[in-house]
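Student: Could you put together the complete structure from these sequences and hints?
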Amino acid sequence: MNITGLTIDSARSAIAERKTSATALAEAFYAKIESDDSKIGAYLVLSKERALAKAAEVDRAAEKGEKLPPLAGVPVGIKDVLVTKGVRTTAGSKILGNYVPPYDCTAVARLESAGAVVLGKLNCDEFAMGSSNENSAWKPVHNPRDLSRVPGGSSGGSAAAVAADLAVTTLGSDTGGSIRQPASFCGVVGLKPTYGRVSRYGLIAFASSLDHIGPFGKTVKDAAIMLRTIAGRDPMDSTSAEVPVPDYVAELEKPVKGMKIGVAKEYFGDGLDSEVRAAVEAAIQTLAGLGCEIVEVSLPHTKYAIPAYYLVATAEASSNLARFDGVRYGFRAKSVRSLSEVYRRSRDEGFGAEVKRRIMLGTYALSAGYYDAYYLKAQRVRTLLTRDFEDSFLKVDAIVAPTSPTAAFKLGEKVDDPLAMYLADIYTVTANLAGIPGISIPVGTTKEKLPIGMQIFGKHFAESTILRVGHAYEKAA
Amino acid sequence: MKVTEKDVAYVADLANLELSGDERARMVRDLNSILGHVDSLNELETKDVPPMAQVSDRHGVDESKKGSERFAYASRDDVKEGLRKSFSTDVALANAPDADGTFFKVPKVIER
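Those protein sequence lines, which keep their order, are chains A and B. The numbering used here applies: residue 730 is where the first sequence begins, and numbers increase by one. The numbering used here applies: residue 129 is where the second sequence begins, and numbers increase by one.
Nothing false has been slipped in among the hints.
Some chain B residues judged to face chain A by a derived CB distance under 8 Å, without partners named:
#	residue
1	M155
2	P178
3	P179
4	F232
The following label-pair restraints were derived from C-beta to C-beta distances:
#	chain 1	residue 1	chain 2	residue 2	range
5	A	S1048	B	V207	24 to 30 Å
6	B	R157	A	A760	43 to 49 Å
7	A	D1145	B	L142	22 to 28 Å
Calculated cross-link-like contacts (lysine-lysine; reagent style DSS-like; alpha-carbon spacing at most 30 Å):
#	chain 1	residue 1	chain 2	residue 2
8	A	K777	A	K823
9	A	K1063	B	K233
10	B	K236	A	K1063
11	A	K1143	B	K130
12	A	K868	A	K777
13	A	K777	B	K213
14	A	K768	A	K1178
15	A	K814	B	K208
16	A	K1124	A	K986
17	A	K868	A	K1143
18	B	K233	A	K814
19	A	K761	A	K1176
20	A	K823	B	K236
21	B	K233	A	K823
22	A	K1032	B	K175
23	B	K130	A	K1032
24	A	K823	A	K1143
25	A	K994	B	K175
26	A	K1124	B	K175
27	A	K748	A	K761
28	A	K1143	B	K134
29	A	K1063	B	K134
30	A	K983	A	K1124
31	B	K134	A	K823
32	A	K814	B	K213
33	A	K823	A	K1139
Bear in mind the hints are in silico, worked out from the structure with no lab data behind them. Quick caveat, the model's predicted, so the values are computed rather than measured. Beta carbons: idealized from backbone N, C-alpha and C, even for Gly.
Tutor: Listed below in structure tokens is the structure:
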């Protein structure tokens, strides 16, 4: 079976109509991974046994003519920061090199309950810290659209796997843009839901107040189907919200005519590549052509987003990553003589350079004498950045912006300059600080054929709105 | 504020990291570069702006409710057995770098 361009519905109906089986489909994807992934590097571990057992279960149901669940037999890939029972999960880090989790992440369990077949674990920046996937302790990921370029990060494997047809759809995580930016670099759809929309249980924590789980897909509809499956209250995550989950798929076809779409000048300033600007402006014109009213809004504190974000995120990371101590699980350094040496040497040898940098920055920002000047200051600015969105959403239903200031950059281009790498997240971090949903959709390519992404932001829990705008654009483009 | 080698050594100690000599030198450079950028936050007057620790500070709960009542959704009654069954000792120790079947093992903690 030709698996190129397969979406959730086309995969599911091929199985339901008995044109193929879930087992044959999984085998076809494994064959493609075998032949193509050596040059891309999307997968870290394949979970064949688990995948084929699930596929067999779907096939038995299909043979009996049972009604199949929404993701029946759909091959999916999972970012390696989401724990999977019995399947090695490393978070892209040497410190978890041999970690085999004893439980499943809620989002993964919900996908499997809906019939999904988990092919394996996807490469990412170590502990989801990075914007290029070059911080993976194992191997970099190459952008399927141009192998000399990065796929974006930190969910680079998740984006590349969808772009290269190595999975129909995937899960990633987004703490400062880690779903939306790689989606834009690889030319696929990536959705970061509202904070609290999807349970974080089983997501290896980076920055707990900013971490989100969300889907990648080839189409906006696939993102909607995935979100509908993983969203909703989970008693295992006390920050998961008691907000009803609408039928995001049914709401896709509602008209966008008359909708007010905000455009903020702060997202179109210096540093924005001219080809990216032109593509996003053309996409805004397409939305205007669909009857949306384009309204200028202002997000005046935008330039403070990166400094505020990197203080809050690293402070939380320094606390979350204190658990990796070489005692209960994970890597322990050899020939250590004292407990304190176990901690220090295991962390020194187990963590990569960027993770250590962020632990150090966060520890510094929280240390006595600097807490007020850095961490508390950043939390106050977080309020200002959130108010910017709240004020704008009094006037508009959604806000559009470029996802990233440039298309995918070259491997190695920014590895020696952490600040330049952080600035790659300039348009994405604010949505994490404010907790609002954002989706990146493809809106064309550069002259060099590199994908360009546009973000659509919505109010808290207004995923239906941004999915609907994205879907309308996709149909019109 | 300039970060010095001494600051890096102190913070590394707090973070339970050793860092090699090269790593420390690089860390001084990188932290100063990043904190230089972060200093722009001081352009903002934030004396009267409340800090925001959580997104739920701003949404999802009724603003008029007071204190812990606002976060009632995040609390629950105690469950004697826990929300899920505890792992058995075997499962809990399965990923340990060193264990004796009952306990995690570490080098001697108290020096004589």
